[in-house]
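Chemist: The listed protein sequences correspond, in order, to chains A and B. Numbering-wise (this note's numbering), the first sequence opens with residue 426 and increments by one. Numbering-wise (this note's numbering), the second sequence opens with residue 3 and increments by one.
Just so you know, the hints here were simulated from the structure itself, not pulled from any lab data. Since this is a predicted model, take the numbers as computed values, not measurements. C-beta: ideal position from N, C-alpha, C; glycine also. Be a bit skeptical, because a hint or two may be false.
Claimed, not checked - If you want a taste of the chain B side facing chain A, the calculated C-beta under 8 Å gives, among others:
1) Thr89
2) Ile149
3) Glu152
Unchecked claim - With a Cα cut of at most 20 Å, we get these calculated EDC-like pairs of lysine to aspartate or glutamate:
4) A:Lys819 to B:Glu199
5) B:Lys214 to A:Asp854
6) A:Lys853 to B:Asp95
7) A:Lys819 to B:Asp95
8) B:Lys27 to B:Glu199
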Amino acid sequence: MSKLRERNESAWLLPPTPGIDYRLRNEMRRFAPEEEVDIAIVGCGAGGSTLLQRLARAGWRALALDAGPFWDPERDWVSDEAGSHQLYWTEPREISGDDPVPLGSNNSGRGVGGSMVHYAGYTPRFHPSDFRTYSTDGVGADWPLQYQDLRSYYEDIEGELPVAGQYWPWGDPHGYPHRPHPVSGNGELFLRGALACGITAKVGPVAITNGRFGNRPHCIYRGFCLQGCKVNAKASPLITHIPDALAHGAEVRSDSMVTHIEVDQHSGRASGVHYVREGRQYFQRARMVAVAGYSIETPRLLLNSTSQRFPDGLCNDFDQVGRYLMVQGAPQTAGRFDSEVRMWKAPPPEVSTEQFYETDPGKPYKRGFSVQTVSPLPITWAEHVVAQGYWGAKLRAYMSDYVHWACLGALCEFLPLEGNRVTLAQEKDRNGMPIAHFHYSQCDNDKQLLGAAQEVMEKILTSAGADEVITIKRYAHLVGGARMAADERHGVVDADCRSFAVPNLYITDGSVLPTQGSANPALTIMALAARSADRLIDGARSGTAEPA
Amino acid sequence: MSRLPLPERDGGGRFPGFDSASQSKHWDAATQSVVMARLGLPVDVRFFTPAEEATARALLDQLLDQRGEPRVPVVHLVDARLAEQQTDGWHYDDMPIDGQAWRDTLAALDEDARARYGCIFAEADLEDQEAMLRSIQERGMEPWHGIPAEHVWSLWTRYACTAFYSHPWAWDEIGFAGPAYPRGYKNLGIDALEPFEVRDARPGADPLRAEKEKGRA
């Protein structure tokens with residue numbers, strides 16, 4: 426058996442045909458709410474699922490709750506844009522600020538697998554510089570850990586997803602376990618344009634199988650990555666970590682919305698979670714709690730978890746919860762070719778460049794951006810056209826030209842700002858809990874990056890032969906909101922993702938990131954969760970940290 | 003070729019004989035049932051009041067340039083979403099939740115139409131409706147009936163485009179073959195078509211170029 430399979434057998438636990446193996450779910454261990462589990466994890470996405478799998482393998486009695494369903498890809502997912510709304514977190518949320526950020530389909534998942542069910546599949550690593558932007562560039566924040574602390578976890582997760590791509594020359598140079606995928610018309614034009622204007626571009630890195638992996642089949646290039654991969658080729662924790670977790674005695678309790686984390690007033694320790702399932706309220710006892718609800722729901726849950734000890738919300742003694750929430754500026758530039766590009770064929774994630782990732786001393790702005798292929802489907806493409814001001818007859822005319830357009834997207838490293846945050850709104854959800862209010866405004870550096878990225882994308886596309894280019898300003902990804910820091914005055918958790926305020930409360934999702942680089946965050950979130958799991962397991966063994 | 007009437011000058015007839023739904027036997031059952039349902043009789047309007055329905059029909063016809071039959075039943079698709087509270091998962095904090103925002107803005111359209119033309123929006127001349135909408139769009143972040151016009155425009159166009167471009171007839175008009183599972187694609191690359199795809203009959207019909215040339219003339 427390979428070392429990888431000894432570490433995580435998920436790919437071999439899936440059936441050799443499309444769909445899932447119901448036996449694992451039917452025979453899943455089930456804890457009673459009054460039974461004290463070793464850990465209750467809130468949220469079953471990138472961070473929560475990885476933590477669950479690692480701890481279950483180490484023999485912990487581990488339970489993960491998720492507000493959404495336990496998906497059956499064959500039954501629940503469709504090759505259709507409008508029909509995929511159930512993949513997104515569509516409970517109400519309010520947005521505001523100078524640059525309000527739309528949520529839902531663009532960046533918020535629900536159900537087992539989390540946002541990785543509908544992410545594109547890009548899984549780049551962060552660069553070593555991302556962990557010390559304040560020391561190096563005077564912007565952002567320094568992490569309480571370094572790239573080297575995460576490196577082996579990056580390698581592990583890249584093997585488990587697995588990631589396909591060319592040798593990666595940027596950041597800490599490294600190779601990938603799977604060879605790069607063939608590219609479609611969109612990727613071909615990116616490569617052609619980049620070559621013509623002297624920009625290095627590479628194929629990958631994407632968490633999509635290239636060749637069989639365990640029982641997971643090869644990608645069939647159907648292009649609906651953002652609607653959930655029915656093929657089981659694109660990685661999400663639903664197929665990469667949950668099967669192995671179940672096989673090792675973990676429970677996944679789906680359709681369970683956690684509304685409050687209970688803290689014992691005497692000991693100051695978390696004692697379990699309150700949740701609503703099928704209209705009924707329950708309390709699950711737990712020796713330890715990990716929150717992994719992502720950058721909006723994690724702060725919201727902490728802020729809603731008030732008590733005598735924490736009147737302003739759990740872990741919020743220093744008004745840090747919900748702050749420094751980041752999105753990446755993700756302008757998309759499309760170019761028009763007389764040839765037919767049909768960019769929707771093949772997975773949207775194909776080719777990228779990180780040549781502009783680092784601070785360029787010759788530029789007036791700090792930090793940088795990456796450029797990647799994106800391939801909007803018709804509804805999203807219509808959004809591009811409407812953003813140019815077209816509607817009515819002109820909208821229809823532009824849309825009829827769809828086959829001729831290629832599209833690139835940038836990820837600009839927007840800086841963490843104190844005022845970009847989640848608070849609680851007056852409005853309540855159907856459980857009677859105040860919903861999240863997300864306020865967001867850009868700073869000057871952010872705006873300069875947007876302009877620079879647009880210029881580079883226009884250059885690539887015109888060098889490839891485009892006669893017209895159009896750009897739409899968008900955002901991508903969410904990170905921060907409960908960041909890690911050196912001390913409790915600057916963040917919510919320490920380098921191990923343990924909260925400063927409650928010794929047996931962890932946060933293991935994207936909200937702990939202090940900076941975001943120009944990389945898609947999924948791989949880093951998983952690597953951080955795997956590292957936290959290791960620390961917990963080590964601690965349990967030596968008896969120095971939390972007893973398991 | 004799309005069943006939807008669209009003049010050639012507006013991009014009609016570019017994919018002769020193309021019929022995305024004719025491929026439905028190659029789609030998986032879950033996708034088939036979701037997509038093919040859009041071709042059946044639409045669910046009755048239940049969220050909009052009759053007055054709101056009339057205004058919404060006129061507004062959506064304008065936004066999507068649907069001038070004759072057959073139409074994509076956009077008003078039914080929007081109404082169904084609102085009835086089921088199937089939102090995008092967010093709303094601007096200067097607007098109520100989507101359902102109420104639709105009711106409020108449709109009423110505001112009628113109020114403006116009455117003030118300007120002495121009739122409800124749906125009974126105004128098409129040119130007058132268009133002029134009203136253009137004036138709202140051009141306000142940008144200026145408030146319209148107390149809400150930044152841009153936020154209202156975003157609400158209307160998001161719902162309109164999601165409904166219209168979810169329909170196989172709209173896909174036929176733009177050459178998009180729709181679902182691709184379990185078949186996938188075998189011919190990737192520039193100008194590489196699958197046997198069931200149809201090439202654009204007028205590849206030079208770039209709307210931007212047409213506009214530029216008109217500008218030069």
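Chemist: What hint numbers does the structure not satisfy?
Modeler: 2, 3, 4, 5 and 7
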